[in-house]
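S.K.: Residues per chain are reported as follows:
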Amino acid sequence: MTDDEHQEPQAERDTETESLFEAPPMGEQERMVEAMLFASAHPLTLRDMAARMPHGCDAAEAVAYLRKRYEGRGVRLMRVGDAWAFRTAPDLAFLMQKESTEVRKLSRAAIETLAIVAYHQPVTRAEIEEIRGVSVSRGTIDQLLELDWIRLGRRKMTPGRPVTFVVTPEFLDHFSLETARDLPGLKELRAAGLLDNRLPPGAMAAGENGSDDEDDATGDGQSELFEE
Amino acid sequence: MTDDEHQEPQAERDTETESLFEAPPMGEQERMVEAMLFASAHPLTLRDMAARMPHGCDAAEAVAYLRKRYEGRGVRLMRVGDAWAFRTAPDLAFLMQKESTEVRKLSRAAIETLAIVAYHQPVTRAEIEEIRGVSVSRGTIDQLLELDWIRLGRRKMTPGRPVTFVVTPEFLDHFSLETARDLPGLKELRAAGLLDNRLPPGAMAAGENGSDDEDDATGDGQSELFEE
Amino acid sequence: MSAEEFEEDDRPLSVAERVAAEALIVDVDGYEGPLDVLLMLSRTQKVDLRKISILALAKQYLAFVEKAKALRIELAADYLVMAAWLAFLKSRLLLPPDPEEEGPSGEELAAHLAFQLERLQAMRDAAAQLMARNRLGRDVFARGEAEEVARVRKVSYSATLLDLMHAYARIRTKDEFRPFVLDRDRVYTMEQALDRMRGLVRFQGAWTDLSAFLPEGWRVDPVMRRSATAATFAASLQLVKEGQLDIRQSDTFAPIELRRRDDRRD
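Chains as they are written, first to last, in our numbering: chain P, 1 to 228; chain E, 1 to 228; chain B, 1 to 266.
The following block holds chain P by itself, in its conformation from the complex (with noise of 0.2 angstroms):
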């Protein structure tokens, strides 16, 4: 995103064409989405927000000024996914003692699980098996769901079409994480080939070229889940 080279291109694109409607200035429309951000506890998207203001506004350039106006603050713009949420900064942690909700002790089977999901999604449950060496057990999935990390995603295109899964938004949001492709270490993985899904040699053929697929799919898969 390039606002910072203009300054005013609301107002000239409103003198341009939409002269009937002229948008509030982008100070209006900062404060506009500072109070709309402001208010929820949930990240909203660029949509949520231009949906309720008022016609002609730029929602996003205006979540790019109020993202630099509260650089260093106590609490910062975060982006989520597609979506923004004011989040206190991480060094003042230590005031919020009262605040703090109970962050529920993961299994080591349910970390494992939810980190494959994360680096390896979409992901079925054969592959995260395949992965850990030991079956997932339904409550694994279960509490991960549950928690709202993670979610079906598109049925795989193999034999018996398996379901796959897939991170949240929330996952994204309760690790920081502006998008899937900020995960530590993502890239040197990948790199490694450490991402690749290989078969044992010698195994079917036809499953070798069901998994070929699926790793280029995988590879799309999560830039366009969480595409800007």
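Since the hints were derived computationally from the structure, they do not count as laboratory data.
The beta carbon of each residue, even a glycine, is placed where N, CA and C say it ideally should be.
Mixed in with the good hints there might be a few duds.
Covered stretches of chain E, going by a simulated chain P footprint (3 or more residues, C-beta under 8 angstroms) [stated by the list, open to error]: (1) 30-37; (2) 85-98.
In silico lysine-lysine, DSS-like type, Cα no more than 27 angstroms apart, as pairs [unchecked claim]: (3) E:Lys98 / B:Lys154; (4) B:Lys59 / B:Lys69; (5) B:Lys67 / B:Lys90; (6) B:Lys90 / B:Lys51; (7) B:Lys90 / B:Lys69; (8) E:Lys105 / B:Lys154; (9) B:Lys46 / P:Lys187; (10) B:Lys59 / B:Lys46; (11) B:Lys51 / P:Lys187; (12) B:Lys59 / B:Lys90; (13) B:Lys46 / B:Lys90; (14) E:Lys105 / P:Lys68; (15) B:Lys46 / B:Lys67.
Mind docking chains E and B on chain P? Use the hints.
M.R.: Chains E and B alone, transformed into the frame defined by chain P:
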């Protein structure tokens, strides 16, 4: 609140030479109250805040600076009793609501009351009750008034000078009638099979009145009916 | 398996043996499958996972299984399957490759196992990094006193002229209408419907659902309602034929709507 988990204040207190350790700069203190006020589920008093802040901080001053910073913004720092809280600016309240319209059928009491007003106008509440055989609730009349389908007519020249109700142009508009006289008369209702021919003996008088009404409705003296 | 069971054993165990045995029980419970055990064993080699000796690892694992058996620890089937597979892999790795033999070579199988171990370790590291991030509700906080968006529900009431007429007729006839209907047979004839419709149709300028034309008293009882609906529908068709009525239905099973045919209207 125990400060024991914070390293800084602990160190200060232990050495008991507080003057050696300076409180964080006011900018930092401002960030702290900003984050606390943002994350808190309730307004916070200065004492609440001071208790959580490192030793030597001046919550009152930090709040004063913070309040200034938010002047004219989309959210404002407001005093609530002896505590403080962020609130969205009142002029942006319109962003905090979403409108939806729901179409509902009028209740039986309301439609009957409306029908009586339409056929017998101008009509008093007592007359409506007499015709319906039950009392008319305040809510029913209010609803019809709110819908702009009936309005108050002239007072009747009878003892107590009760108010009367008449239908409005909005009523005519909604029911696609040019005038109230376009309403089908009793004869037509009967012809249409809406009225049972076999009126009970007790209803005869009312039926007769009804015929009168009908005559009036087809004539033009409807409003004069209760004039004298 | 508990300590008591060991004591019942005919061979007396030394304290050290018992401690070792109990440690193994606990550990086996703690392992998440054979791959987890292999990963743990691989750490004893103290080399990069990519340079690990799979042959040595296979030997270690087989020793682990033997020890478990000696201690009469019941291993789950998949531990034994892995042991059998590693024994096979070991033989492949030790023997010179047989050109006649089909399938993947020992080196290929070993490389895949090394990859699996490396991948599992990578996911564990990633999980640890993930859990160490700033977390919502622990390090980073959301709005405490959220102002939810208020839903302003505007209710708009609707009523049709027919509703109004029904209501008025209902008042004028009061409750006498119902017993009158109930006296009749529960069949509503088309002639009755036609009589009724001829009267009603004149007032019907706007599209109105067929069900609005059903006579009072014929609307609740399903049998009577069905009869009245059929008769009213048949009567409507007759009126359409006579050119007094327009009829429409937007889709299969969608409501049937009626309107007075108006020559002044296009």
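S.K.: It remains to establish, for every hint, whether it holds in the given structure.
M.R.: Do the hints match the structure? See the list:
1. 30-37: holds (count 7)
2. 85-98: Answer holds; 7 residues pass the 8 angstroms Cβ test.
3. E:Lys98 / B:Lys154: holds (10 angstroms)
4. B:Lys59 / B:Lys69: holds (15 angstroms)
5. B:Lys67 / B:Lys90: holds (18 angstroms)
6. B:Lys90 / B:Lys51: Distance of about 17 angstroms is within 27 angstroms: holds.
7. B:Lys90 / B:Lys69: Since the Cα atoms of Lys90 (chain B) and Lys69 (chain B) sit roughly 20 angstroms apart, the hinted pair holds (cutoff 27 angstroms).
8. E:Lys105 / B:Lys154: With a Cα-Cα distance of about 14 angstroms, the restraint between Lys105 (chain E) and Lys154 (chain B) holds, given a limit of 27 angstroms.
9. B:Lys46 / P:Lys187: holds (26 angstroms)
10. B:Lys59 / B:Lys46: Satisfied, since the Cα-Cα distance of roughly 16 angstroms is no more than 27 angstroms.
11. B:Lys51 / P:Lys187: holds (22 angstroms)
12. B:Lys59 / B:Lys90: holds (8 angstroms)
13. B:Lys46 / B:Lys90: Within the cut-off at roughly 21 angstroms; holds.
14. E:Lys105 / P:Lys68: violated (51 angstroms)
15. B:Lys46 / B:Lys67: holds (22 angstroms)
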